[in-house]
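**Q** Each chain, written out:
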Amino acid sequence: MLIKKAEQIKPSEITPKEIYQQRRHFLKTSVNTGLGLAASGLLATRAADVFAGYGLKTLNHVKNSQYSLDDELTKYKDVTTYNNFYEFGASKSSPAATAHKLNAEPWSIKVEGHVENPASYHLEDIITEQTLEERIYRLRCVERWSMVVPWLGFPLAELIKKVKPTSQAKFVEFTTLYRPEEMQGQRRGVLAWPYVEGLRMDEAMHPLAFLAVGLYGEVLPNQNGAPIRLVVPWKYGFKSIKSIVKIRFTAQQPVSSWTRSAPHEYGFYSNVNPDVDHPRWSQRRERRIGEFFKRKTLMFNGYAEDVAHLYKNMDLKKYF
Amino acid sequence: MMRFYKVSVFILSLVPVSLLLYNFYTDELGANPFETLTRQSGEWTLRFLLITLSLTPLKILLTKSWPLKFRRMLGLFTFFYASLHLLTYIWFDQFFDWNEIWVDIIKHPFITIGMLSWLILLPLAITSTRGMKKRLGRRWKKLHQAVYVIGVLVLIHYFMLVKADYWWPVLYSLIFIGLMVFRVLYIRQRLTGRFGLKMLLRQGVKP
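Protein chains in written order, with my numbering: chain A, 7 to 326; chain B, 1441 to 1647.
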């Protein structure tokens, strides 16, 4: 059992909060100029604010430094109160306000399609077999804001290897829980529920593609996609589907929810790309939450070295 | 007494911007305060526009002229919040990078329409003084009818902002359409004498 109650855990197993806090450096650069002055009071954050968790169950984990950034982390409060999770309402603040109604236990994931071991897997069984790692990833939303989040989880490839897709499986389709009585955003047809996302098989097998079950050392808060969600750091945030209940291996390219809603705006790939505008806005820059000045958006969200080869010879303007 | 009411409305109209600035400095605008400033100033622009446009129907319904006494002030507050909205874009989104702004205006209809709305609003604000009204005579009224065009543009701008949940822009549009339909019916009734909406409404208010 990897999920333990906080009191069962030896102090040596826990990532001390100080470690998180050390990573936080006060914003110096952005407030030096006249433009920044207006925001200086706002951004001079106290270190203690960076991680003031909800006190959820702590997760035992190791650190994966190969896939971790050195950037300062986005505050826990911001990561858990500024969410796009339309199942809990379309405003950024409504998931944090309403997601407590979701009962994420027990949880199982149905695996089906072109796969040798189709079954319904209990989440606990899945997690028990994995060594949870912490990875610090950039998260870039299609709306031009970004965060740096310490996720806990395991590579998606590990789960895929276990269920053994057949040679016919070319894509993986993920589905979010549909439970309008607990997810009030689903009571209105804002998107075609349930939420569906997909990856090409080689994208899904990429070591960066990650299944997260926690953040900041604790289990995922509901508004962040509890109990298990995808994190694909080189793609826009909406590709990283939350609260997954079904994984299906298909021969056909899945139609994801946002593509269905606005096909000319949200493509299947949705790789972070500063050179391909959203029809309504430029994607060249982004505001990292907690910062005043905008940053230049990086190709593949800064993961080009790792993933660019997946899209060799592809016209990324066409396959946006 | 009128002076007292005018001062009250003036102070009330400053409440939204005061609250926004206060919450900005006390870090109560959420994880992305700059986005909140832009969103809120934009939404208040639309609200003030709709309030301004509801004064004429109010006058007709009440058969009193006092609502029109607030029209210039509330119209100017619409311009005030629109300018604030524009400023947040130029400052917090583009950091006064005029080249970038120009490219944004040309490439993205969402920005084009927002910018156009403000540009049309500008001459209305400039010519809002009593002296300008006198100088322009009949043309003044023609010019200020551009506010209806602004209403349409602002609503399109709002619709274009939304990704999927159209609840609020639809609601504001219904209010706008209601105010426009009222005007059309009222004018038609005055021209032809048909359609007793005015009488009906009057009877409703003053039985």
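Where hints are given, some of them may not hold.
[What the hints assert, rightly or not] The list that follows gives simulated cross-link-like pairs (lysine to any residue, SDA-like), each with its CA atoms no further than 20 Å apart:
| # | chain 1 | residue 1 | chain 2 | residue 2 |
| --- | --- | --- | --- | --- |
| 1 | B | 1547 | A | 280 |
| 2 | B | 1446 | B | 1498 |
| 3 | B | 1603 | A | 302 |
| 4 | A | 302 | B | 1532 |
| 5 | A | 176 | A | 317 |
Just so you know, the hints here were simulated from the structure itself, not pulled from any lab data.
**Q** Next, verify each hint and record whether it holds.
**A** Hint check:
Simply put, residue 1547(B) and residue 280(A) have alpha-carbon atoms about 15 Å apart, close enough for the 20 Å limit, and the pair holds. Restraint check: the Cα-Cα separation between residue 1446(B) and residue 1498(B) comes to about 17 Å, which is no more than 20 Å; the hinted pair holds. With a CA separation close to 23 Å, the supplied pair residue 1603(B) and residue 302(A) exceeds the 20 Å bound. Between residue 302(A) and residue 1532(B) the alpha-carbon distance is near 14 Å, which keeps this suggested pair within the 20 Å criterion.
This hinted pair checks out: residue 176(A) and residue 317(A) have alpha carbons roughly 15 Å apart, not beyond 20 Å.
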